[in-house]
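Asks: So the chains spell out like this:
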Amino acid sequence: MNPTKISACNVNVFYGASQAIKDVSLELADKSVTAFIGPSGCGKSTFLRCLNRMNDTIDICRVTGDIRLDGQDINAASVDPVQLRAQVGMVFQKPNPFPKSIYDNVAYGPRIHGLTQNRTELDEIVESSLRAAALWDEVKDRLRQPGTGLSGGQQQRLCIARAIATRPEVILMDEPCSALDPIATAQIDDLIHQMAQDFCVIIVTHSMSQARRVSDRTAYFHMGNMVEYGETEQIFINPREKLTETYVSGRIG
Amino acid sequence: MTALAFGILLLATIVAYALNRHAASRLRARGQPLHSLVGHHAGFAALLVLVPVLVLILLWLGLQGPVISRLLMGGLPQGVLDGLDTGAVQLIEAEITSIAGGRIFGTPEDWKLAAAARLVDLRLMSGQMLLLAVSLLALALIALARHKVAPEFRARQSFESIVTGLMVFASIVAVFTTVGIVASLVFEAGRFFAIVPIHEFLFGLNWEPQIPIRADQIAAEGAFGWVPVLVGTLVITVVALVVSVPIGLMSAIYLNEFAAPRARAIIKPVLEILAGVPTVVYGFFAVLTVAPALRSAGAALGMDVSPNTALAAGGVMAIMLIPFISSFADDALSAVPRALRDGALALGATRAETMLNVLFPAALPGIVGGVLLAVSRAIGETMIVVMAAGLMAKLTLNPLDSVTTVTVQIVTLLIGDTSFDNPKTLAAFALGLMLFLVTLVINVFALRIVRKYREAYD
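In the order they appear, the protein sequences are chains U and D. Each residue of the first sequence is one higher than the last, beginning at 149 in the working numbering. Each residue of the second sequence is one higher than the last, beginning at 33 in the working numbering.
With the rest of the complex left out, here is chain U (with noise of 0.2 Å):
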């Protein structure tokens, strides 16, 4: 296993009365794919929302124990949510472009963080970052139109670049592929192969083959508990919990 980016200590999340995430620990290694499986409800895209933040959007969500990213406390009072999310940048299950243009996009995450001097290494991030998400070749003559102009599998990989565009260190993906259809899904399971090169990468998702075929080590939640993680074969060949063997054979879930 790769050296360890995020590490999570005893977490539980509560919306309002209710506990949506109980106890959860676990270490997260940097330069891998680690996905997070279970029923729906579960609470693995509430815990994913932790690692940047995002259930501070969400008035009645409180979060409690200690999330470690690169050994800072990621909660703390010095630590700013908009720095944080910087470096964690976040796809979501739905694919959102800003009702922008195709090269705005990309360039909003830079733009706001002030990562370039000018306009032409402003381009570079741009066109570097669509490559990466593999739509360079398919818009790089219409960077101009809007973005919501794309087909659902580009705009998905136009939000990806949006992401990679803010030099992150952590991408994590809240299903992102459950509004796509298996040409594009195979198309962005290459690109979370190529991204754990340089990231670490967190996948939540419902698709047990994706799991599978993008994965290095996996997380099953189930009601709110993390039940088992371990190596995504292991978890899939050779399951040491009989919660997580009934929902990885299909019989639950």
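Simulated from the structure, these hints should not be mistaken for lab results.
Per label pair, the in silico range of CB-to-CB distance:
1. U:Q342 / D:R294: 46 to 52 Å
2. U:D214 / D:R294: 28 to 34 Å
3. U:N158 / D:R480: 57 to 63 Å
4. D:L333 / U:F162: 58 to 64 Å
5. D:I299 / U:Q382: 54 to 60 Å
6. D:S216 / U:D289: 54 to 60 Å
Being a predicted model, the structure only gives us computed values, none of them experimental. For each residue, glycine too, the CB sits at the ideal point set by N, CA and C.
Chain U is already provided as a structure; the job is to place chain D on it using the hints.
Replies: Just chain D now, kept in the frame of chain U:
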């Protein structure tokens, strides 16, 4: 009689509904598969009775007056109406009507008393015939509806086509009312332009409509150039928008993105109270509070401020428009999908950046639409400017000066002694037509802007 006719209508509708409901339920209870639901059979019967009978009653009520009057006047003794003009004939008819109503003045001729008695008879007969016709038609329709109940009868389709017809009728009524209003405006304005040349009205720089009504009155010669009135309207509108658009938008942004739930729960209703204040109250506020305050502030600075400034009227109008703009913008911002907000926040955008770069542009069509609707309201607003703006049409762009507006001039032209063949009165219709055209153009413009941005963003 009329009330009784409506009573019969109601009763017949209920009976038809109940009968068909019962009949359809019985069919179903016997195990026959019905094409339509029981409720559709019943609703069909109710509408089949309600609509024609209602039309009959309304037509009867509309036509019985003229028909009775024809019969009455035709039955008068030979020769009594010879040589009388329309006005005198109408006078005689009115006298007969009031005698029939029991109000007798002086000693009317015998033939008038006889005619009054005949009028009472005619009215009674009409009422009875109405009841008879309504009852017969209702019975026939109930029977027809009941006869239609059968397993294969497509009651749902029939019911829906009647309802569709009613909806088409309702929208036609709305359209024709608008057409009628425009036609009357155009007609009266046409009479005005026959007296005052249209280029004089459109390009004239003087507005002095106080011309004599009678030949012996002493008054000005009269000038009907609407430019100063239009400019006055625009000055007040611009003042109102300059104040209300920034305040409205910023309060919407604050309420939507930054306010704590508790603050929002207090501020939003307070803003909405502003929208509920009657404009006449805003008028008081402008005349009694804002205008004197402006005047004394101006005096303190050594400026001569007129007692009814465009600034006071426009500023108070702005207060009226704030909740309008704010609630439109708030709705537009709330309608932006949460996914967009999350997307921006997840990139490390601050709330301010998210609002300015993502939410605001996405909500822009709705916001622009709201602002342009506010413009239409400002231009058409009457009560505040009647109370707070001036009466004299002065061609000036200075908001500290006294200006008048199109609506104020329409009001002043139409109150008091008026005769409807005089250019002074007809000018009001010309102004009304222009006001209508200006607002129409702005509304069309607003719709186009909204559509353009929508195409770019979806």
